[in-house]
Amino acid sequence: MEQSKSYKARDEYNWIMDISEPNQLRNAVYEMKQYYINKLIEAKLLDDSAKDECTLTVSQLKIIMDHHQLL
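Per the working numbering, the sequence shown starts with residue 1, numbered consecutively.
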């Protein structure tokens, strides 16, 4: 039983090791964040300055989107 637990834990994190181009991941996260910021600006929930100065994480932005049912 212990062996299957350790296999499962390793298996869940294998995708991290498969990223051959970290900049692609960084760019994807940046694009997702900008998408959420733009939607929140359109809904008048954020100021236009958020495009350059937003310190919220993608998760926090998604929670706001979900709360206001913007998705």
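Simulated from the structure, these hints should not be mistaken for lab results. Don't take each hint at face value.
[To be verified] BS3-like, lysine-lysine: derived pairs with alpha carbons at most 27 Å apart:
{"id": "1", "residue 1": "Lys33", "residue 2": "Lys44"}
{"id": "2", "residue 1": "Lys33", "residue 2": "Lys51"}
{"id": "3", "residue 1": "Lys33", "residue 2": "Lys62"}
{"id": "4", "residue 1": "Lys62", "residue 2": "Lys51"}
[What the hints assert, rightly or not] Across the chosen pairs, the derived CB separations fall in these ranges:
{"id": "5", "residue 1": "Lys44", "residue 2": "Glu21", "range": "32 to 40 Å"}
{"id": "6", "residue 1": "Asn27", "residue 2": "Leu71", "range": "27 to 35 Å"}
{"id": "7", "residue 1": "Ala43", "residue 2": "Asn23", "range": "29 to 37 Å"}
{"id": "8", "residue 1": "Lys44", "residue 2": "Asn23", "range": "17 to 25 Å"}
{"id": "9", "residue 1": "Gln24", "residue 2": "Ser59", "range": "29 to 37 Å"}
{"id": "10", "residue 1": "Ser49", "residue 2": "Leu70", "range": "25 to 33 Å"}
{"id": "11", "residue 1": "Glu21", "residue 2": "His67", "range": "30 to 38 Å"}
{"id": "12", "residue 1": "Asn23", "residue 2": "His67", "range": "16 to 24 Å"}
{"id": "13", "residue 1": "Glu21", "residue 2": "Val58", "range": "33 to 41 Å"}
{"id": "14", "residue 1": "Leu45", "residue 2": "Pro22", "range": "18 to 26 Å"}
{"id": "15", "residue 1": "Gln60", "residue 2": "Arg26", "range": "29 to 37 Å"}
Using N, Cα and C, we set each Cβ at its ideal position, and we do this for glycine too.
Now for the hints, and whether the structure bears them out:
1. Lys33 with Lys44: Judged against 27 Å, a Cα distance of about 16 Å means the pair holds.
2. Lys33 with Lys51: Distance of about 9 Å is within 27 Å: holds.
3. Lys33 with Lys62: holds, 9 Å
4. Lys62 with Lys51: Given pair Lys62, Lys51 holds - Cα atoms ~15 Å apart, limit 27 Å.
5. Lys44 with Glu21: 32 to 40 Å: holds, 37 Å
6. Asn27 with Leu71: 27 to 35 Å: Distance hint for Asn27, Leu71 is violated at roughly 21 Å.
7. Ala43 with Asn23: 29 to 37 Å: Between Ala43 and Asn23, where Cβ atoms are some 30 Å apart, the hint holds.
8. Lys44 with Asn23: 17 to 25 Å: Violated, at about 33 Å.
9. Gln24 with Ser59: 29 to 37 Å: violated, 20 Å
10. Ser49 with Leu70: 25 to 33 Å: Between Ser49 and Leu70, where Cβ atoms are some 19 Å apart, the hint is violated.
11. Glu21 with His67: 30 to 38 Å: holds, 34 Å
12. Asn23 with His67: 16 to 24 Å: violated, 32 Å
13. Glu21 with Val58: 33 to 41 Å: violated, 19 Å
14. Leu45 with Pro22: 18 to 26 Å: For Leu45 and Pro22 the Cβ distance comes to about 31 Å; the hint is violated.
15. Gln60 with Arg26: 29 to 37 Å: With Cβ atoms ~18 Å apart, the hint is violated.
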